[in-house]
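Protein chains in written order, with my numbering: chain A, 1 to 179; chain B, 1 to 432.
Hints in this document: simulated from the structure, not taken from any laboratory.
Predicted, not measured: the structure shown is a model, and the values here were computed from it.
Keep in mind that a hint or two might mislead.
If you want the footprint, here are the derived chain A segments under chain B, 3+ residues with CB under 8 Å [what the hints assert, rightly or not]:
1) 80 to 88
2) 108 to 114
3) 142 to 148
Even glycine gets a Cβ: it sits at the ideal position worked out from N, Cα and C.
Residues per chain, in single letters:
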Amino acid sequence: MLKTHTGIKLIAAAGLMALAACTHKPPATVEAPPVAPPPSSADTAPVTSESSTIIPGSAEDLRVNVGDTVHFDYDRYELRDEDRSVLQRQAEWLQKYAQVRVTIEGNCDERGTREYNLALGARRANAVKEYLVSLGVSGGRVDTISYGKERPVCTESSEDCNAQNRRGVTTVVSGAASS
Amino acid sequence: MKRLALACLALLGSLFGVTSPGVAALHVDVTQGTIQPMPIAIPDFLGSGRGPQIAGVIRADLERSGLFRPLDQKSFLEQIHDINTPPQFNNWRVINAQALVTGQSVAQPDGRLRAEFRLWDIYGEQQMLGLSFSTTPENWRRIAHMISDKIYERITGEKGYFDTRIVFIAESGGAAKRVKRLAVMDQDGANPIFLTRGDYLVLTPRFNPTAQMIAYMSYIGGRPRVYLFDLESGRQEMLGNFPNMTFSPRFSPDGNKVVMTLEKGGNSDIYLMDLRTRSVNRLTSDPAIDTAASFSPDGTRIAFESDRGGSQQIYMMNSDGSGAHRISFGGGKNGTPVWSPRGDLIAFTKQASGSFRIGVMHTDGSGERILTDGWADEGPTWAPNGRVLMFTRSARGGRGSQIWSVDVTGRNERRVPSPGAASDPAWSPLIQ
Chain A
1 MLKTHTGIKL
11 IAAAGLMALA
21 ACTHKPPATV
31 EAPPVAPPPS
41 SADTAPVTSE
51 SSTIIPGSAE
61 DLRVNVGDTV
71 HFDYDRYELR
81 DEDRSVLQRQ
91 AEWLQKYAQV
101 RVTIEGNCDE
111 RGTREYNLAL
121 GARRANAVKE
131 YLVSLGVSGG
141 RVDTISYGKE
151 RPVCTESSED
161 CNAQNRRGVT
171 TVVSGAASS
Chain B
1 MKRLALACLA
11 LLGSLFGVTS
21 PGVAALHVDV
31 TQGTIQPMPI
41 AIPDFLGSGR
51 GPQIAGVIRA
61 DLERSGLFRP
71 LDQKSFLEQI
81 HDINTPPQFN
91 NWRVINAQAL
101 VTGQSVAQPD
111 GRLRAEFRLW
121 DIYGEQQMLG
131 LSFSTTPENW
141 RRIAHMISDK
151 IYERITGEKG
161 YFDTRIVFIA
171 ESGGAAKRVK
181 RLAVMDQDGA
191 NPIFLTRGDY
201 LVLTPRFNPT
211 AQMIAYMSYI
221 GGRPRVYLFD
231 LESGRQEMLG
241 NFPNMTFSPR
251 FSPDGNKVVM
261 TLEKGGNSDI
271 YLMDLRTRSV
281 NRLTSDPAID
291 TAASFSPDGT
301 RIAFESDRGG
311 SQQIYMMNSD
321 GSGAHRISFG
331 GGKNGTPVWS
341 PRGDLIAFTK
351 QASGSFRIGV
361 MHTDGSGERI
371 LTDGWADEGP
381 TWAPNGRVLM
391 FTRSARGGRG
401 SQIWSVDVTG
411 RNERRVPSPG
421 AASDPAWSPL
431 IQ
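Model the full structure from these sequences, guided by the hints.
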């Protein structure tokens with residue numbers, strides 16, 4: 001029994017409390033797997049125009065000459081008419097460079113809660129994928145990922161910025177020509 | 001990774017002294033929130049073991065609660081020399097103290113730290129509480145928080161919440177290239193520990209009921225999935241092997257299950273995984289977004305958000321997925337429902353009039369009250385006693401987020417200290 005002070009009677013004794021999470025040392029973290037190796041293509045196709053050094057079939061070709069981004073209305077995931085032409089060009093490009101695999105990144109503006117925007121970004125990425133597939137691109141070549149509101153391209157709190165951030169971006173995963 | 005010893009901290013608490021009989025004269029009503037916090041005198045603890053620091057942590061805990069006003073030590077007329085001798089109550093009445101905490105903290109021959117304190121009712125002229133604790137010296141802050149909890153509990157009649165931790169997302173870098181790391185810290189911001197290095201995105205961590213396990217979302221390897229992080233072993237584990245994104249995890253009250261959202265073909269639905277059998281049950285089947293599920297404390301019901309009615313609103317269902325019905329009708333969009341540990345209220349994020357604010361409603365959706373008035377407040381989490389909430393407050397222009405706290409009364413809004421920008425707090429239960 002515990003000795004009490006000043007002769008006052010001990011009226012209760014609590015038990016031993018064991019706690020594991022109290023040692024303040026950072027546990028080991030899992031290493032990210034290595035990034036996919038760069039495409040091994042030795043393609044040295046000539047430049048497409050005098051002013052451009054963009055290699056056809058490269059990720060840069062998709063980004064600059066085809067257009068890799070479509071935009072969405074607030075809290076919507078339906079494709080806009082003007083963006084369908086961008087995706088039609090993407091589909092043609094993907095038919096031409098049939099070894100290329102892409103990921104569609106779905107993004108949202110900051111005017112939504114975190115979990116909801118993850119779900120909304122998935123809807124947007126999937127809307128892009130479904131349209132590409134409807135145009136004949138094999139679904140097996142197209143992955144999707146949602147970043148919710150975590151990857152804005154514009155960081156001001158304005159509708160102009162929000163409109164830029166509500167986007168689906170087609171990014172090359174593998175199979176593209178080296179730039 | 002060295003396995004952390006399970007008994008790395010043993011706290012021995014013992015009541016000593018005669019507590020006041022019957023109804024306490026000294027009482028703070030926490031249901032009203034206080035406009036006049038109780039003046040309390042907490043002199044530096046005596047002894048050889050971090051006495052001033054321990055008293056400082058107790059003063060800070062009680063002050064931050066908004067219910068107490070620790071008095072300036074310079075105003076004290078009496079110096080405590082022996083905590084076993086009753087104070088001269090008149091000396092403390094003169095400076096308007098209603099309560100007095102005296103204590104000492106002594107390094108023991110075996111290297112452990114032994115702290116003891118007494119809580120005195122100045123006007124009732126009696127001891128309200130006397131307790132002692134012992135632990136390893138590096139855990140001195142936990143002793144201080146446990147003493148704060150005992151004082152809070154004795155005077156308010158409510159359980160304390162100071163001996164708790166927060167799991168959160170530590171942020172750094174600009175908005176377009178934000179680095180997010182899984183981190184834990186004490187509820188007062190002390191002892192921050194980073195659990196991931198920031199080379200992949202992590203979001204929405206939640207503690208299990210023993211605060212040993214964290215469920216969170218990680219983009220490691222470019223595959224956004226729900227993971228478990230075991231604080232004891234440091235091990236991370238992907239929860240299940242799903243072909244698509246899994247997110248928004250939360251533990252069941254018994255800790256044996258995780259409710260989370262699975263995305264398939266762009267559609268998000270809520271699933272329940274049993275951690276023992278790894279079996280998965282689908283709870284919602286709707287072409288709408290269904291996510292942000294949160295169990296009732298008795299485990300029988302689940303609140304979640306859905307846009308099945310056309311806009312993001314809060315719904316309730318039984319924990320087997322049956323009986324789903326909308327409960328939020330207070331205007332605007334409403335999401336991120338989180339059940340109070342008491343079971344009486346649901347905290348949520350309201351999106352209306354161009355801002356995001358934290359509110360509470362009864363579990364049937366009635367009695368909605370908005371607690372905060374920020375521009376972008378979201379993602380509430382409850383203190384284990386159901387009296388205080390933390391949430392993420394973001395600044396305009398992508399200038400980063402901070403964790404804030406507010407009483408369930410809507411009073412006492414404060415920023416929670418953190419190492420840099422921080423978001424997605426989740427409050428642990430009282431540490432066992």
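Hints and how they fare:
Counting residues of the segment 80 to 88 of chain A whose CB lies closer than 8 Å to any CB of chain B gives 0, which falls below the minimum of 3, so the coverage claim is violated. Three residues within the 8 Å Cβ limit are the bar, and the segment 108 to 114 of chain A against chain B gives 5, so the coverage statement holds. Remark: the segment 142 to 148 of chain A is confirmed as covered by chain B, as 5 of its residues place a Cβ nearer than 8 Å to a Cβ of that chain, reaching the required three.
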